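Peer 1: Sequence:
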Amino acid sequence: MAGTAPQVLAIDLGTSGMKAALVAADGTVTGWAERAVPLRVLPGGGAEQDPRAWWDALGQVAADLGRAHPDHLRAVTVVCASTQGEGTIAVDAAGEPLTACISWLDMRGAANLRRQFGGFPAYHGMSVRRIARWLRLTGGMPSPTGKDPAAHMLLVRDELPQVYARTASFLNVLDWINLKLTGRTVATVDSILTSWVTDNRRPGDVRYSPALVADCGIDRDKLPPIVACTDVIGTLSPAAAAHLGLPESVRVVAGAIDNTAAAIGAGTTGDNEPHLYLGTSSWVAAHVPAKKTDVVAGIASVPCAIPDRYLMTALQATAGANLTWLRDKVVEYDDPLLGAGHVSRDEGTIFDAFDRIIPTVPPGANGVIYTPWLYGERAPVDDPHLRAAFLNISLDTNRSDLLRAVFEGVAFNTRWLFRAVDRFLGAPVTSLAITGGGALSDSWCQIFADVLGVEIRRDANPLAVNARGAGWIGAVGTGMVDFADLPGLMRSDRVFTPTPAHRATYDEIFDVYRQLHQRLAPVYRRLRR
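Using numbering that gives the first Met the number 0, the first residue of the sequence shown is number 0, and each one after it goes up by one.
Read the hints as simulated data drawn from the structure, not as lab findings. What you were told as hints is all true, and nothing was included just to trick you.
List time: in silico DSSO-like cross-link candidates among lysine-lysine, alpha-carbon distance up to 30 Å:
no.	residue 1	residue 2
1	Lys290	Lys221
2	Lys291	Lys221
3	Lys179	Lys221
Now the in silico label distances, taken between C-beta atoms and shown as ranges:
no.	residue 1	residue 2	range
4	His123	Arg355	42 to 48 Å
5	Leu526	Arg135	32 to 38 Å
6	Asp70	Arg513	53 to 59 Å
7	Asp481	Asp382	40 to 46 Å
8	Asp70	Gly182	26 to 32 Å
9	His123	Arg73	48 to 54 Å
10	Ile392	Arg51	46 to 52 Å
All of these numbers come straight from a predicted model, not from anything done at the bench. Ideal Cβ placement from N, Cα and C applies to all residues, glycine included.
All chains should be modelled from the sequences, with the hints used to inform the complete structure.
Peer 2: Have a look at this one:
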């Protein structure tokens with residue numbers, strides 16, 4: 000172990016599974032291990048995961064890291080987690096789960112939400128008076144779809160009254176992992192956000208609002224104490240230490256949910272410095288000094304890992320999901336026509352093939368336009384009825400044209416969103432960090448630079464952004480580094496600059512893209528199913 004820098008065991012728990020890495024204070028990521036965790040999709044809009052499966056998977060990935068990097072695992076002094084957000088677990092007084100985790104995808108509580116918060120006049124079934132109070136105190140409001148803890152808790156209260164009676168605490172995903180690590184029940188300033196019961200007007204002093212708690216329909220004693228993301232909440236419990244193969248002296252830092260951690264992992268800790276996360280969904284986020292909400296565009300700044308700052312987040316529902324759809328439902332992995340990319344199963348992935356095909360098609364995809372709304376949209380319009388479409392297809396159109404159109408369509412949607420982002424930040428964005436799995440595509444990064452007209456700085460290790468963020472939050476919480484140091488530690492492997500010759504083409508297509516939304520939105524509302 001001689002010469003090995005102190006390490007943070009960085010937990011990255013997403014919907015698809017449990018991942019973990021070993022992260023040093025300078026951001027170096029050593030090792031990576033993962034285990035899939037199934038998602039159960041239930042009738043009536045339900046979606047659940049088994050928390051115990053998360054914990055079992057965490058033990059497995061820690062063991063994998065120990066076998067592959069024993070010196071680095073022995074150098075671990077801190078554990079810190081980044082997790083999916085907006086899940087809800089009811090636990091008893093001993094901390095044992097009484098329910099599965101009700102996932103952020105679960106919509107079963109929508110009717111319970113409307114019953115609790117109805118009134119006249121109403122918006123999406125909820126009292127306008129209540130909405131105004133949520134916006135003033137929290138910066139946002141419960142999702143009318145029922146996809147956050149505000150609705151999940153009411154679902155348990157109303158549909159599972161015996162479970163509700165035994166519930167000692169309702170915990171988000173991050174909170175439950177921290178409970179298993181330390182035996183302590185807490186929520187972080189960002190994990191508690193979507194319970195919509197906190198007064199967020201002072202970023203360094205997020206606290207429960209008595210009025211919101213009294214109105215939420217959930218007993219106050221079932222809501223956990225709130226801590227900062229960088230707080231040391233304890234050391235590993237004996238059971239957790241044995242499970243992870245680490246000493247009980249290892250400290251646990253509270254950590255953050257995924258988009259909060261990604262904003263740290265991207266190194267964009269200065270004011271108004273945005274990053275674009277490009278994964279299954281995508282978001283643009285930036286730390287800002289003030290609480291603010293753009294109700295029309297669906298953008299808000301909310302509590303985050305930096306104690307005296309807020310995080311502006313503008314979420315797009317589907318980004319890389321469009322490529323997954325194209326791969327699984329249109330091209331198909333073993334399709335012999337994929338030979339256009341000159342990549343076989345043994346030579347690379349289908350996304351490598353995509354990167355070979357895209358440069359063969361001129362900007363503008365030979366006139367084909369794609370709208371990437373496979374699952375509706377969140378920002379800059381909140382419309383669940385929008386759907387994806389290819390437009391302007393002719394007998395001359397080929398599959399390569401369709402592929403480039405998909406890449407460009409996601410970028411056009413981001414440009415549409417950026418109008419609201421620029422207003423929110425008070426100045427046009429001129430340089431943008433890009434991270435997440437989609438950033439591995441050179442072609443996509445260049446398309447973003449050309450469509451947005453901004454410099455794109457690519458994360459040198461974009462798949463590790465959440466783990467790196469958790470590692471850095473753990474390092475800050477234990478005094479190994481400061482948030483102000485992180486931009487200087489961040490590494491980019493390439494800078495993509497706009498191609499002036501493509502600007503006129505993309506400007507014209509973007510004007511059409513905006514018109515398509517205006518004209519198609521009423522059609523999709525009529526076709527909704």
